Amino acid sequence: MALLTLHDITYALGDKPLLDHQDFEVEPRERIALVGRNGEGKSTLVKILHGQIVPDEGERIVQEGIHIAMMPQEVPEHLPGSVYDQIAAGAGEVGELLKHHHALSQHLAARPNDKALLAELEQVQKALEARDGWRLNAQVDKVITEMNLPADKPFDALSGGVKRRVLLGQALVQQPDILLLDEPTNHLDIPAIQWLEKFLINLDIALVFITHDRAFLDTLATRIVELDRGRLRSYPGSWQTYLQRQADALAAEEKANAEFDKKLAQEEAWIRQGIKARRTRNEGRVRALKALREAAANRRKRKGQASITVNAAEASGKKVIEVEHLHYTLDGQPIVQDLSTLILRGDKVGIIGPNGCGKTTLLKLLLGQIKPDKGKVKLGTRLEIAYFDQHREQLDPTMSVVDAVADKSDWVQIGERKVHVMRYIQDFLFSPDRARQPVSALSGGERNRLLLARVFARPSNLLVLDEPTNDLDMETLALLEDKLLEYPGTLLLVSHDRAFIDNVVTSTLVFDAPGVVNEYVGGYTDWVRQRPAQYEEAWQPRKKRTQTQTQTQTGTLCKSRRKAQAPKLSFKEQREYDTLPARIEQLEAQISDLQIHMSQPEVFQDPKAIQTAQARLAELEAELEDAFARWEALETKHQAWLKTKRQNTST
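Our numbering applies: residue 1 is where the sequence shown begins, and numbers increase by one.
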């Protein structure tokens, strides 16, 4: 029996319905991928499934007792409280108790001898025990730990990518029967995406998700549902199976439309035969013609496909970038150690690594924008570089779309011909009306298409793309792949889209470990196959350290307070033990904020400013290491006392 059913649903925005009398069912434990072009209404459909939007016609039937959770595509501008508060909010009323318990624990860290706080904490603990709250608390802790989230940092102080992870965690902690996800992999790196895949597969619940990540889709989906011109089509099986069956369906539709148009033309010719036709006119045939005309008028054609052109400059020299024994350290952390490589004209090189490892920094080193500590980077001759920036800083939000493409010029030079800028941006699916709107009015996918249009309008023989695939629909992704394969110049590509990397690049530079960048032939799949076993867990220590810090805040601290028993430490040690977790979190937050600050162009290009920032960062990191070491010493002493107490109690 279906958990959720949409029956004969119609929903319209404007003159054309996004859903036109459609049916949809979600069965237990199936994982449905929703696909379709940008703007077709996938997010609207998910909101109807969730109950946020009421359809114009039809009915939504939910089986009794079924809980549905959703992670939205857009991040709310403002949400109060900490990361822990937002994750716990997913647990409903029990979540409010958990938030209260967490806040009390934080207050006790500052005032460990406050009897009123201890009494209030004990009451909250009893309420949690009565409502199975510790099980949900463990789920909250697990989500925070596994997703490497800063538990006590204010939500509003987070970057956009981390905010998305928090909202995902909020949905996961609800333990729903049906989980709805709208682009869950945006801004996640490959390890996080792979963790998410395993997590979702093991949930044993129904899943409906929208994604542009084909590898993610192939791993998870048991069924693909396409939304096209208001209609839903279901395709069980893999992505490749879907592509073949979709092509067959479109071919059949095209053939049927051709036969329809031929029939309509014949009937239109008959009705115009004049007096002879009117003498023999059949009124049934006339009514049939009217019906044909109405059907033709209501037929919805597929939107045009983007027509991407990459503007290639004259060929560069054969050697594009030559690197010899490159070393670079940032804020005391090694980014690259002893990298040597040669990038030749026509090479398409992917750069792979977890968030924060230094991929963008490596790009700047390769382009000569940053001077290495040791080693040489030699750029080739006749280079014309075009750069796609993942943060879209090249786009002025106050400018119109058309002005942003060509810097207020009316023409774009494509090869040997001039193209009017309005005609050029239509190839990137911007209508004349949309072209006159400000950049700030565009969606994420539209901004990516706009930046691609801007970058590709400039002649280049070295194309640098830093995360170009976010928010693009799959058809545009496939077209972009084709154009990059045809591009005669050299490509440097940073991406977390495994299928995109596999389909485009000829080799990869991979951050196998902190500071260790190795070169491999082929794409992502080839790297996984070739990677030495010694690097398979190379990034694990950094993750475990983050987990230790998170568990300190949300696990051990809460557990020690849960029984309202002070550890057998001196008064001074007790106070230090209680305050260290908050101090560790504060230092982590300061380091994160400072690293973001240092990545800004106005800071990075100012030698004095970057030197001051690096010195401060070194101080913070040293203080953080000392804080971790001190907490571990106090925790060891405390755990030893607990062990002795348990032994004494048992005897």
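FYI, nobody ran anything at the bench for these hints, they're computed from the structure. Treat the hints with care, since some could be wrong.
[Said to hold, decoys possible] No farther apart than 25 Å at their CA atoms in a straight line, the calculated lysine-lysine pairs in the BS3-like style are these:
1) K364 to K378
2) K376 to K364
3) K142 to K126
4) K163 to K47
5) K126 to K99
6) K319 to K255
7) K376 to K608
8) K198 to K163
9) K126 to K115
10) K608 to K371
11) K142 to K99
12) K318 to K483
13) K378 to K318
14) K153 to K163
15) K99 to K163
16) K374 to K319
17) K99 to K153
18) K408 to K418
19) K290 to K263
This structure is a prediction, so every number in the text was calculated from the model and none was measured.
Evaluation of the provided hints:
1. K364 to K378: OK: K364 and K378 at ~13 Å, within 25 Å.
2. K376 to K364: 13 Å, holds
3. K142 to K126: With a Cα-Cα distance of about 22 Å, the restraint between K142 and K126 holds, given a limit of 25 Å.
4. K163 to K47: Holds, at about 20 Å.
5. K126 to K99: Within the cut-off at roughly 15 Å; holds.
6. K319 to K255: Violated, at about 50 Å.
7. K376 to K608: This hinted pair holds, its Cα atoms lying about 23 Å apart.
8. K198 to K163: 21 Å, holds
9. K126 to K115: Cα-Cα ~17 Å, so holds.
10. K608 to K371: 15 Å, holds
11. K142 to K99: Between K142 and K99 the Cα gap is close to 15 Å, so the pair holds against 25 Å.
12. K318 to K483: Holds, at about 21 Å.
13. K378 to K318: 13 Å, holds
14. K153 to K163: 11 Å, holds
15. K99 to K163: With Cα atoms ~18 Å apart, K99 and K163 stay inside 25 Å; holds.
16. K374 to K319: Given that 25 Å is the threshold and the Cα spacing comes to 21 Å, the pair holds.
17. K99 to K153: 14 Å, holds
18. K408 to K418: Holds, because 15 Å separates the two Cα atoms, which is no more than 25 Å.
19. K290 to K263: 13 Å, holds
Going through the hint list in order, the structure does not satisfy hint 6, though it satisfies all others.
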